[in-house]
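Visitor: Chain by chain, the residues run as shown.
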Amino acid sequence: MSFSLAHALTGLFWLGALLLLGGLARRASLWQQGRSASVSWLGLLAMPKRYFVDIHHVVAREPAVARAHVAAAGGGVAILLLSALNYGLMLYQGWLDVLLVLMAVVMLLGARMMQARRLQAPPRLSQGRWQVLPARLRLFALGSLLAAGLLFAGPQLGLAGQLIAVVALLMLALGGAELALGIGLGWPMKHAVAGLLHLAFHPRVERFAGKSSDLKPLNLAAGELGVAKVEDFAWNRLLSFDACVQCGKCEAACPAYAAGQPLNPKKLIQDMVAAQSRGTDPAYAGNPHPGREATVVVKPGEDIVGSVLAAETLWSCTTCRACVENCPMLIEHVDTVVNLRRHVTLSRGEVPGKGSEALANLRNTDTVGGYPLAVRYHWAIDLDLPLLQPGEHTEWLLLAGEGAFDMRYQRALRALVKVLKAAGVNVAVLGAAERDCGDVARRLGDEAGFQRLAQANIATLAQYRFAHIVTPDPHVFHCLANEYPALGGQFDVWHHSKLLEHLLARRAIPLKADATPLPPLTFHDPCYLGRYNDGFNAPRNVLKGIGIKVVDMQRSGRDARCCGWGGGAAFTDIPGQRRIPDMRMDDIRETGTGRVAVACPNCTAMLEGVVGERADVIELAELVVERLA
Amino acid sequence: MKIAVLIAPAVHPVSGRPCAGEADLAALALAQRLSSQVDVWYAGAADDAALADYLARGATHIHTLALAAGREVLSPLAEALQDYALVLCGARAGGGDGSGLLPYQLAEQLGRALLPDVLDLSKSDQQWQALQALPKGVRRTLAAKLPLVASVHARAASAVGWSYARLQQGKIQRKAATGAALPQVVLEPARRARALVAASKVSGHARMQGAIAGGEGKSAGIVVKQGDSVEKAQVVLDYLRQHQLVDF
Amino acid sequence: MDFSTQAIPRIDPRRPWVLGPSGLKRIVLGDDSGSRDAALLAHGPAHKPLRSSGPFSQRLLVVAHAERGQLDDAAREAIAAAAILAGKDGEVLALLYGMQDAAPEALAELAVDRALTVADPGYAPEQKLALLQQLLQQESPHTVLFADRSEDADLGRRLACRARLSVVTDVVEIAADGVRRRQPGAGFSLRERAQVLLLARGVAEAKLPFVGKGERLQTAALPAISEQVQDLGSAASPASQLALEEADLIVSAGNGVSNVPGFLALAEALGAAVGASRVAVDDGRFSRDKQVGATGKTVQASAYIALGISGAVQHLQGIKSCRHVIAVNLDAAAPMIKRADLSIIDDCQSFISAFEALVRRERNLV
Ligand SMILES: Cc1cc2nc3c(=O)[nH]c(=O)nc-3n(C[C@H](O)[C@H](O)[C@H](O)COP(=O)(O)OP(=O)(O)OC[C@H]3O[C@@H](n4cnc5c(N)ncnc54)[C@H](O)[C@@H]3O)c2cc1C
Ligand code: SF4
Ligand code: SF4
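Chains as they are written, first to last, in the UniProt record's numbering: chain E, 1 to 629; chain W, 1 to 248; chain S, 1 to 366.
Possibly wrong hints are sitting among the right ones.
Said to hold, decoys possible - Here are the computed lysine-lysine pairs in the DSS-like style, where the Cα-Cα straight-line distance is at most 30 Å:
1. W:Lys136 / S:Lys297
2. S:Lys320 / W:Lys136
3. E:Lys512 / E:Lys211
4. E:Lys418 / S:Lys338
5. S:Lys48 / W:Lys225
6. W:Lys225 / S:Lys338
7. W:Lys136 / S:Lys338
8. W:Lys123 / W:Lys2
9. W:Lys171 / E:Lys229
What the hints assert, rightly or not - Covered stretches of chain W (in silico footprint by chain S; criterion: 3 or more residues with CB under 8 Å from a CB of chain S, positions within the stretch not fixed):
10. 37-44
11. 50-56
12. 65-76
13. 91-105
14. 221-235
As the list claims (entries may be wrong) - Here are some of the chain S residues that sit facing chain E, going by a computed Cβ distance under 10 Å:
15. Asn255
16. Val279
17. Ala294
18. Thr295
19. Gly296
20. Val313
21. Gln317
Keep in mind the hints are simulated off the structure, nothing from the lab. Everything numeric in this text was worked out from a predicted model, so none of it was measured. C-beta atoms are modelled at their ideal positions from N, C-alpha and C, and glycine is treated no differently.
Looking at chain E on its own, in the form it has when it is part of the complex (with noise of 0.2 Å):
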């Protein structure tokens, strides 16, 4: 009996393992579909490190989940390895089925754990086929650990082992169903196989080496406009797709979802999956984007912006990375929103709201509110700034931004030029010739715009001489930082948080010395100083410096809400049922402080276009000037 059970598991695993290699031979054939990518199959050595240091890396931030998925997966890996060695290569050991058992348990507790977590399932985990997956991985747990400890303490049991063997093995074939036919049929465990390719292939392989948070170049002159069917995503994109567990932690922490915008990042994906399957995957079953019907109608050949995506939903985003920053496995949702919408706006034309005009005045003023560059340092004009004239030499070079032809912020530009000239820093402008660095063109997809802006400001900047530039604008930091190197323009670029900091530490800002103590405030992160650079500390050390103490808002540094402006958001201006600054002013509330300092003139807009009671909006370039000596 026990002979005709461990064959009975020999066929078996084979059986499984041929469905699933259809299955993944059926899934590549719609990756397929895809452009062509560089990508390097050493990749798939680097697997291993990518899964249990980058990923867990977000994973750890929920423990309970994490602890979970090491035993479900760990378990479940192991068990089949396990079968593939004893049932696979028929060795039929005895001791790999006591190891078998131990596994199996482990696998058992995991699914258990999981099961208990989907009774309580927070909203943002979709239902439907994943709300049933713990108790398949269960049946095939059991079914793994009755077979194994049946062949290895069997031939006792008789007639009673009998049955437990049929029982067994219909346990596995039930559950391994769920491994087995996952990838083909693109049931959840779609995402173990997807998931480790998609680690081995991920389009930004940038980012296991670092942070990598530029957005890349098209080749306009070879024709690249954006993605507007499925196949013009590459095909490690599609597949980056197939990898998402719909945990909804994106969901959960997108700023313009929270806000009732049509749009959920989960969803996004989903909808990207259902356009590559052409729906043949099953029903999503989590929620709509809000105020959407969550079905989805797929027409094979149209666009998708338009048939199974909204451009609504396109232009909701923010391009706050939230949903990047936690999504564990690791898809990059605004590399897919600005390649959607490059497509819209490069190609049709189609930008929505004020965005168009926005882009409009870039083209015919190179400033998005289309003021005259002569006036960008008007405000500068008693304060002795020298504008740097080409051949001259500066140590430091200032580049106000769009926030200079604001009226409030240019007070906090008068704040920085002071305290740099109290430091005895070395600063110059360029006055007129200062163009927009391109930001807002980029992430509205206009792609030729940013690069003529880039070109044309790196061509600028190559007349001049200065060691480095310094910004108040995280988006000008970031666009020269980030994402000038691909275009040619090497630059040494600071935030003036970071320069601030800087100065501060080495004593160079003379300070008044009485020690009254200041109020604490909270401080607002700016999406493209902190998700987009990590300047998290540079900030808080400025406000400690200036002997403030901060009291974070819940939801700060990595986790800091959007202020609603970014990725053009404030222009498109997609209605919601809220907006984006007035939640970050009730968690700016919850802090209790009645202030919030800022670090960037849009949030420093944004968070005061707020209406009604709201806490006084303080740039940090403002409050370092009140402590001056």
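Since the structure of chain E is provided, determine the placement of chains W and S with the ligands on it from the hints.
Guide: Coordinates of chains W and S with the ligands only, in the frame set by chain E:
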């Protein structure tokens, strides 16, 4: 039906760069709404880059009659447009002279009726009907037979959004043309224009009073705090009447 | 009405009343109405001398369309320009459409010496051109002036093209060395004085210290010439449906307006288009196409009445080119008050109902 649309680069009011003019874009969009055979014409000295905005906003093909700077464009245009039963142009170009004279000159030269400030065009029976925009939202319906010249109001229709792909695909076809030389104009930097003022025999005191009141400057707004709502309402109505902002 | 000057801090106490540059009285606060009228009488029409009693050896012609028997500022400025340019021996001749009922004194007050008044038939360019050409032949004026807006602008261009006269449009300055017009993107351009001048606003000071002779030619009929284009009639769209970008008078509601039906009734009574701040739109009080500001519409109204709007920069961006801004707000420190030409510190709700009642009464709408 073939429709000709006339376009010309506008000068951007802030940067002075060439861009598309609002009314010309509206003419293009209106023509495209009316017919699938729309020919876009430009006569003048501007280079292709100055016409780029029109390509990006839906003109797939621009016929350019290339003239040297400072030449009149009327006769070459009139010659090229003779065979079009319907010629549309923006009511006012945002560049060049921007005098709004061209539609009139063209209609005169071609011996056709001109429909001014058109918001919409439609065909009914043998006639074309035009909706004309008058100030304060008044609309007038005009009817005429082809051939026609229409000057199109900037709010008539909106052209498709600016697209890089359309810009890349668009074509400009140049043909050399000649026109008579226009008188040279002398350009001067903008300043506050001096209004004609009648020499006054009023007393110095009265003139002082006038001077104190200043121009239409924004320095001193009037703030009314006292009185009840009825009185304040009267103040607002007085103000509106004094500045002829209401007509009752 | 009794407004104490102390409560009106922005007004210099030394000038209880002021004469506006256009000769129109500005609001008089802190003074009773009797003395105000007396003060104005000193500058009334009765005291104005005749510009010139002739004889005239040359003349200028001004052509203007009146609306409901009244000439607007632009047309008045065109006549004033002619009167200032005419000189002692020059006569101001006017061809006025829609002013058949004007009294000679009214024509004299406009500084017109001789006027031909014709009923306005609406759209009839061929007939109007024929009459105009007839007049040119009879009177041979050396210059014909039009205000460069709407019907006058149209007729002026037609005349220049039909009669092949030299023409300069958008004239902003008439000087000894020629005329200046605004050149798109290039400041001014200087031209020789042409036979037909189309005048931009502000080219002349409409307030004149003299009067004209005010003679009236026989009221003429338009020559019976067939038109190529048929006028099928005009219609005014109701103000509430007027596109904000086109509206000349806008009432706009902010967070301070809670009584929306009352507010809409006021707009209706005034014949004003309806605008709103973003907050009022977000709250669902108004549809999104009513929003004025950076992320809404940019408007160019002559008058913008902001009710309960604080005046955040993003809102002010949308009303940059409004000529007159009137603010009603409870908070005298609101930024809108700084932008406004006239500010009323009052509760919106009671102001709106009072204002609506007043407007209805004045328009006999009951
Ligand atoms: C990127 C961005 C874009 C924006 N775009 C726009 C835009 O396009 N348009 C726009 O309007 N806003 C825009 N805003 C919002 C803007 O910053 C302000 O929040 C908004 O304009 C405020 O609207 P409000 O004045 O109606 O409301 P509040 O700021 O709440 O002001 C209400 C005013 O009414 C007064 N008031 C209250 N009650 C009464 C009463 N009973 N009687 C009289 N007065 C009363 C108060 O004193 C106050 O001054 C934008 C903001 C941002 C950040
Ligand atoms: S995209 Fe990432 S974070 Fe969002 S549901 Fe999928 S796996 Fe979770
Ligand atoms: S980038 Fe921010 S706004 Fe966009 S989908 Fe992700 S979380 Fe949402």
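Visitor: Next, verify each hint and record whether it holds.
Guide: Against the structure, the hints come out as follows:
1. W:Lys136 / S:Lys297: holds (17 Å)
2. S:Lys320 / W:Lys136: holds (19 Å)
3. E:Lys512 / E:Lys211: violated (38 Å)
4. E:Lys418 / S:Lys338: holds (28 Å)
5. S:Lys48 / W:Lys225: violated (37 Å)
6. W:Lys225 / S:Lys338: It holds: about 14 Å lies between the C-alpha atoms, which stays within 30 Å.
7. W:Lys136 / S:Lys338: holds (28 Å)
8. W:Lys123 / W:Lys2: This hinted pair holds, its Cα atoms lying about 14 Å apart.
9. W:Lys171 / E:Lys229: Within the cut-off at roughly 26 Å; holds.
10. 37-44: violated (count 0)
11. 50-56: violated (count 0)
12. 65-76: Since 0 is below three, the answer is violated.
13. 91-105: Held - the stretch 91-105 of chain W has 11 residues with a Cβ nearer than 8 Å to chain S, which meets the minimum of three.
14. 221-235: Three-residue rule met by the stretch 221-235 of chain W, so holds; n is 15.
15. Asn255: holds (6 Å)
16. Val279: Constraint on Val279 of chain S satisfied, holds at 5 Å.
17. Ala294: holds (7 Å)
18. Thr295: With a minimum Cβ separation of about 5 Å from chain E (threshold 10 Å), the hint on Thr295 of chain S holds.
19. Gly296: holds (8 Å)
20. Val313: holds (7 Å)
21. Gln317: Nearest chain E Cβ about 8 Å off; hint holds.
In terms of the numbered hints stated before, the structure departs from hints 3, 5, 10, 11, 12, listed from lowest to highest.
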